[in-house]
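**Q** Residue strings, one per chain:
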Amino acid sequence: DGGITQSPKYLFRKEGQNVTLSCEQNLNHDAMYWYRQDPGQGLRLIYYSQIVNDFQKGDIAEGYSVSREKKESFPLTVTSAQKNPTAFYLCASSPTLAWDTEAFFGQGTRLTVV
Amino acid sequence: GDSVTQMEGPVTLSEEAFLTINCTYTATGYPSLFWYVQYPGEGLQLLLKATKADDKGSNKGFEATYRKETTSFHLEKGSVQVSDSAVYFCALSDRGAGTASKLTFGTGTRLQVTL
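Chains A and B, in that order, give the protein sequences.
The first sequence begins at 1 in my numbering and counts up by one.
The second sequence begins at 1 in my numbering and counts up by one.
Okay, chain A solo, but in the shape it has when bound (with noise of 0.2 Å):
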């Protein structure tokens, strides 16, 4: 089955260290995005991506980083620097970027500070 595929589904991190987000798609999607969910504020946007070896940043990409060196992964560390890291974060792909695409999500990855 086609799909997007997150892991792990749960994560624990301690204060002062960086934690890897895996993210990988078999759609051949070009596009990939990563979205953080905080309750009552929606989902906002922290990095996406159009092709391989090319990323942007988001409205909240502060103390975060990804790569895309495959277009199947798109991976998203969490570092330090990122204050408040307890959310759920969910990754997502779509054909393209044209404006009227549906995007396709990932089941998503809790991440918890301990």
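Calculated cross-link-like contacts (lysine-lysine; reagent style DSBU-like; alpha-carbon spacing at most 35 Å):
(1) K71(A) x K83(A)
(2) K9(A) x K60(B)
(3) K71(A) x K56(B)
(4) K57(A) x K14(A)
(5) K57(A) x K56(B)
(6) K77(B) x K9(A)
Treat the hints as calculated values from the structure; they're not laboratory data.
Chain A is already provided as a structure; the job is to place chain B on it using the hints.
**A** Chain B only, in chain A's frame:
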């Protein structure tokens, strides 16, 4: 900038009741409009979309009409089921926003349907 405003939740309805979830938007260009649904513990799924004024998106008994004059995209369903319990997100993607089709989301409306 672009923004989406949804009615506050939670919305609690009895099974077979009529559902309306209000959504209004502000956009600099001429956006596409979407409704996504999120079931507990899962990611988002597209429910329906409309790409131009007066278009009606529909799926699984849900409908929404793109109203440019009122900048609205209200979600409706004539008879809800318990299985419709979820969080519903209104979103837009603005053609005038440049090369990136970035979705702007509302805060979500939680629907709880009871027997």
